[in-house]
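For the first sequence, position 275 matches number 274 in numbering that gives the first Met the number 0, and the numbering has no gaps at all.
These are computed hints drawn from the structure, not numbers from a lab.
Keep in mind that the hints are not guaranteed to be accurate.
[Claimed, not checked] Mimicking BS3-like on lysine-lysine, the simulated pairs with C-alpha atoms at most 27 Å apart in a straight line are:
| id | residue 1 | residue 2 |
| --- | --- | --- |
| 1 | Lys245 | Lys589 |
| 2 | Lys226 | Lys62 |
| 3 | Lys589 | Lys577 |
| 4 | Lys577 | Lys268 |
| 5 | Lys268 | Lys614 |
| 6 | Lys196 | Lys62 |
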Amino acid sequence: MPVITLPDGAKRQYDHPVTALDVAADIGPGLAKAALAARLDGALIDLSHVIETDATLAMVTAKDDDALALIRHDCAHVLAEAVLELYPETQVTIGPSIDNGFYYDFYREAPFSADDLAAIETRMHAIVDRDEVITREVWTRDEAVAFYRKNDEPFKVELVDAIPANETVTFYRQGDFIDLCRGPHAPSTAKIGHAFKLMSVAGAYWRGDSNRPMLQRIYGTAFFQEKELSAYLTMLEEAEKRDHRKLGKALELFHIQEEATGSVFWHPKGWTMYREIESYMRRRLDAANYQEVKTPQMIDRSLWEKSGHWDKFRENMFTAESEGDRILALKPMNCPGHVQIYRQGITSYRDLPLRMAEFGSCHRNEPSGALHGIMRVRAFTQDDAHIFCTEDQIDSEGRAFCDLLLDIYRDFGFDDVRVKFSDRPETRAGDDATWDKAEAALESATNAAGLDTTLNPGEGAFYGPKLEFVLRDAIGRDWQCGTLQVDFVLPERLDAEYVAEDGSRQRPVMLHRAILGSMERWIGILIEQYAGRMPPWLAPVQVVVAPITDAVTSYAAEVRERLAAHGVRVQLDSRNEKISYKVREHSVAKVPFIIAIGEREQQDGTIALRRLGDKNQETIALDAAVSMLIEEITPPDLKNS
RNA sequence: GCUGCUGUAGCUCAGUCGGUAGAGCAACUGAUUCGUAAUCAGUAGGUCGGAGGUUCAAGUCCUCUCAGCAGCACCA
Numbered sequence: 000m001p002v003i004t005l006p007d008g009a010k011r012q013y014d015h016p017v018t019a020l021d022v023a024a025d026i027g028p029g030l031a032k033a034a035l036a037a038r039l040d041g042a043l044i045d046l047s048h049v050i051e052t053d054a055t056l057a058m059v060t061a062k063d064d065d066a067l068a069l070i071r072h073d074c075a076h077v078l079a080e081a082v083l084e085l086y087p088e089t090q091v092t093i094g095p096s097i098d099n100g101f102y103y104d105f106y107r108e109a110p111f112s113a114d115d116l117a118a119i120e121t122r123m124h125a126i127v128d129r130d131e132v133i134t135r136e137v138w139t140r141d142e143a144v145a146f147y148r149k150n151d152e153p154f155k156v157e158l159v160d161a162i163p164a165n166e167t168v169t170f171y172r173q174g175d176f177i178d179l180c181r182g183p184h185a186p187s188t189a190k191i192g193h194a195f196k197l198m199s200v201a202g203a204y205w206r207g208d209s210n211r212p213m214l215q216r217i218y219g220t221a222f223f224q225e226k227e228l229s230a231y232l233t234m235l236e237e238a239e240k241r242d243h244r245k246l247g248k249a250l251e252l253f254h255i256q257e258e259a260t261g262s263v264f265w266h267p268k269g270w271t272m273y274r275e276i277e278s279y280m281r282r283r284l285d286a287a288n289y290q291e292v293k294t295p296q297m298i299d300r301s302l303w304e305k306s307g308h309w310d311k312f313r314e315n316m317f318t319a320e321s322e323g324d325r326i327l328a329l330k331p332m333n334c335p336g337h338v339q340i341y342r343q344g345i346t347s348y349r350d351l352p353l354r355m356a357e358f359g360s361c362h363r364n365e366p367s368g369a370l371h372g373i374m375r376v377r378a379f380t381q382d383d384a385h386i387f388c389t390e391d392q393i394d395s396e397g398r399a400f401c402d403l404l405l406d407i408y409r410d411f412g413f414d415d416v417r418v419k420f421s422d423r424p425e426t427r428a429g430d431d432a433t434w435d436k437a438e439a440a441l442e443s444a445t446n447a448a449g450l451d452t453t454l455n456p457g458e459g460a461f462y463g464p465k466l467e468f469v470l471r472d473a474i475g476r477d478w479q480c481g482t483l484q485v486d487f488v489l490p491e492r493l494d495a496e497y498v499a500e501d502g503s504r505q506r507p508v509m510l511h512r513a514i515l516g517s518m519e520r521w522i523g524i525l526i527e528q529y530a531g532r533m534p535p536w537l538a539p540v541q542v543v544v545a546p547i548t549d550a551v552t553s554y555a556a557e558v559r560e561r562l563a564a565h566g567v568r569v570q571l572d573s574r575n576e577k578i579s580y581k582v583r584e585h586s587v588a589k590v591p592f593i594i595a596i597g598e599r600e601q602q603d604g605t606i607a608l609r610r611l612g613d614k615n616q617e618t619i620a621l622d623a624a625v626s627m628l629i630e631e632i633t634p635p636d637l638k639n640s
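Full structure from sequences and hints, please.
Printed below as a string of structure tokens:
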């Protein structure tokens, strides 16, 4: 008979099998009421689960980390129940909890409208109020298949069919609704509470396969407390405000228009940022012993055939015609071009590692649905480089790269970087020994750099393993920025070689690497990270000098001159407007420093400085202010030197 | 690319039952010289994304198309 060990180490002995709920009730009625599920020897179970042997047991309540996912999953079932009650012709398929809520995929001819969503949500509240008991049932797989065949639900039949014939499956029933589900679930629908909301409906392919039918996915979110829900919704609103597409327009950084979808028109202010970032990167690359090059925008198809891109990447390549039937392709990548430079002349082992960098403008014909502001475009510039090296140098080059990348990310204000490690895919080039070596080298590079990686099994490129450096945007979307890829294949295909110590000809390894990824995406991420309030060194306009009356304009102009002479991006706002109007306007434009000049400042040779976001201002002697501002706007890599 | 939604002034949006287009902000002009997040007054601004159709009449209804948005798929 079971001995139950509780989290505090206490043991309870029973002379008969008990349910998790029995144990909870034994501990106290409050706990029995609060319990949503339990954890049996670490695994989540229903409260109704019968325990027959010795085990450790912990109750899961709203305080538990897993509890939110649990009620969200419950909520998905309530959503499905509501949909079936309102639209009986609908087929339910799959509905899990996800990071910020849950969804359920439905098959139904007619699309769900916004009004439908409101009606469904209302019905969901009613179902919660009904407090339907949620019960678990164990069926044989064959029973389940027969059930769904009879109901003519092919999607469910497919799910159950995938399970081995002699196994059992579990169903969860609440009211008249029953669904194939692993569980666990809370004991009744009332446990969900009312702090939930349906967010949107959108298409989603059945089983994530674009060749299969499209279902309608209804997204929702749920919390334990109403105020948690409203906090989440407020957070979404705030995130929307820092959307780079809105800010890019509002701050006059760039625009995109119909005639050039997926390409950016950089306005003077946006281009100032762009150039500042490019200059910074150039300094960092110089310091890290990279050599910068520039390769052709269009290259004959024959080179892309050799490199393998024509085969594997043709759909995404733009082409142009010339001289009759000659086909040129706009480069989607810089690597083949770099190999052409590498191949000029003979390379000695003494020249390796050779680090070749390019701010390479690439064109890729991305699917229309993939385009997103300046984050995902068809014309973009990579801070690309290829390191030609020996296999033995992969490790040290990888480390140096990770260090450089982290240092650069830090300079831009990103400390929290997630790294995905993609190892060997099913179909690949190169033998296992080489892969072992490459993977080990990449791993040691990340370890040395102090990076935590998550494994992305089998997601490596066919030519080698890769690291992907991922940042998350304001709206919670992940964007891949940096990458480090080990490549044994391209040097072979494009016949790159070097002369080894013993005089033999050898293949170099190519490390493909980017830090920012694309200039466009990087700037988009920066805008969202800072909500448009760029660090002073990146701000398009760093200082505005605003005279309070005409009488002091000449002194204000002098202040402007002083700053401009030191390379400060400074403007004089001598318009006939009140100082409060100017302060508001330049604050809205997110200028980091506003200098107000009045009679007092003119007389004393001072300035009144106001920092963006501050309510107050300080009066500083002009000389001191100039040197302070110069320090403030100095790019991070040039500070203290 | 797929599903759904959206497209009206530089921006944010309103526009009823089909009856010939409206607000705020921005812009421009004038007045105001005013010490830290919007001074007042006036003026101008639109082939209603594009093409076709229905109608006496289309921003409004229908078809096609382009673009944007959300999600899915894609991102070597």
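Each hint, compared with the structure:
1. Between Lys245 and Lys589 the alpha-carbon distance is near 14 Å, which keeps this suggested pair within the 27 Å criterion.
2. Taking the CA atoms of Lys226 and Lys62, the gap is about 15 Å. The hint holds against a cut of 27 Å.
3. Between the alpha carbons of Lys589 and Lys577 the distance comes to roughly 18 Å, so the proposed pair stays at or under 27 Å and holds.
4. The straight-line distance between the Cα atoms of Lys577 and Lys268 is roughly 25 Å, inside the 27 Å bound, and the hint therefore holds.
5. Between Lys268 and Lys614 the CA atoms are separated by roughly 26 Å; this keeps the pair inside 27 Å, and the hint holds.
6. Straight-line distance between C-alpha atoms of Lys196 and Lys62 comes to about 21 Å, which keeps the hinted pair within the 27 Å bound.
Going through the hint list in order, the structure satisfies each hint without exception.
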